[in-house]
Amino acid sequence: NAGVTQTPKFQVLKTGQSMTLQCAQDMNHEYMSWYRQDPGMGLRLIHYSVGAGITDQGEVPNGYNVSRSTTEDFPLRLLSAAPSQTSVYFCASSYTLQLAKNIQYFGAGTRLSVL
Amino acid sequence: GNSVTQMEGPVTLSEEAFLTINCTYTATGYPSLFWYVQYPGEGLQLLLKATKADDKGSNKGFEATYRKETTSFHLEKGSVQVSDSAVYFCALTGDSGGSNYKLTFGKGTLLTVNP
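Residue numbers (my numbering), protein chains in the order written: chain X, 20 to 134; chain Z, 2 to 116.
Chain X with its partners taken away, still in its complex shape (with noise of 0.2 angstroms):
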């Protein structure tokens, strides 16, 4: 059982240039969520989704799109990537959004830094 697969782990990028972060889960969850950790921050919502065809922005959405087409893929757009997203990426993912009832599983994070 792979859980959270989050690729690639580490990137860099030039500023204006784009890329997609992937995540998947093969635990049938409905529940999924990217979060950016920075340092002395803790761990920020960029966006949710609740089922396939299903996506809504969190804390700090800007500069950032998703789609979820799969319950198993909720893949990361960076369209055009400045140097305040340098961050480290962790997608999450929990049977339901009831997060006080469901385990929230955490992929292993993409560190992307942006030149």
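No wet-lab data here; the hints were simulated from the structure.
Keep in mind that the hints are not guaranteed to be accurate.
[To be verified] Straight-line Cα separation of at most 27 angstroms, DSS-like style, residue types lysine-lysine; simulated pairs:
hint : chain 1 : residue 1 : chain 2 : residue 2
1    : Z       : K53       : X       : K120
2    : X       : K120      : Z       : K57
3    : Z       : K69       : Z       : K108
4    : X       : K120      : Z       : K108
5    : X       : K28       : Z       : K69
6    : Z       : K57       : Z       : K108
7    : Z       : K108      : Z       : K78
8    : Z       : K78       : Z       : K61
9    : Z       : K53       : Z       : K78
10   : Z       : K108      : Z       : K61
11   : Z       : K61       : X       : K120
12   : Z       : K69       : X       : K120
13   : X       : K28       : Z       : K57
14   : Z       : K57       : Z       : K69
15   : Z       : K69       : Z       : K53
16   : Z       : K78       : Z       : K57
17   : Z       : K53       : Z       : K108
These numbers were taken from a predicted model, which means no experiment stands behind them.
Here the structure of chain X is known, so what remains is to put chain Z in place on it, guided by the hints.
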């Protein structure tokens, strides 16, 4: 809005020492409280949780009690091991539709245990 304040690190202890990491929160209603652990190079893992006042969460020798009167959820362990070296995050999720779909994290506390 919801917020979590946890003890600033880093914390350095000798093996078998007693550990306390303080966590206090601000939230309306009756949030659920969590401690997550992040080992070097890995994603976050749920360590323990408590979903109502006076509940005690426990796992791997770690404990935390949900204290509504002091809005606290301090993490404790009686005898730490080198393998406990990690970053610890306190987090909460709300109890209503507007806030129960996301985790609000503290900034994290780095624990280093020396042999």
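Hints, one by one, checked against the model:
1. Z:K53 x X:K120: holds (12 angstroms)
2. X:K120 x Z:K57: holds (16 angstroms)
3. Z:K69 x Z:K108: holds (21 angstroms)
4. X:K120 x Z:K108: Given pair X:K120, Z:K108 holds - Cα atoms ~23 angstroms apart, limit 27 angstroms.
5. X:K28 x Z:K69: violated (39 angstroms)
6. Z:K57 x Z:K108: holds (22 angstroms)
7. Z:K108 x Z:K78: holds (20 angstroms)
8. Z:K78 x Z:K61: holds (9 angstroms)
9. Z:K53 x Z:K78: holds (21 angstroms)
10. Z:K108 x Z:K61: Holds - the C-alpha atoms of Z:K61 and Z:K108 are around 22 angstroms apart, at most 27 angstroms.
11. Z:K61 x X:K120: Cα-Cα ~20 angstroms, so holds.
12. Z:K69 x X:K120: Distance of about 19 angstroms is within 27 angstroms: holds.
13. X:K28 x Z:K57: It is violated: about 36 angstroms lies between the C-alpha atoms, which goes past 27 angstroms.
14. Z:K57 x Z:K69: Cα-Cα ~12 angstroms, so holds.
15. Z:K69 x Z:K53: Since the Cα atoms of Z:K69 and Z:K53 sit roughly 9 angstroms apart, the hinted pair holds (cutoff 27 angstroms).
16. Z:K78 x Z:K57: holds (13 angstroms)
17. Z:K53 x Z:K108: holds (23 angstroms)
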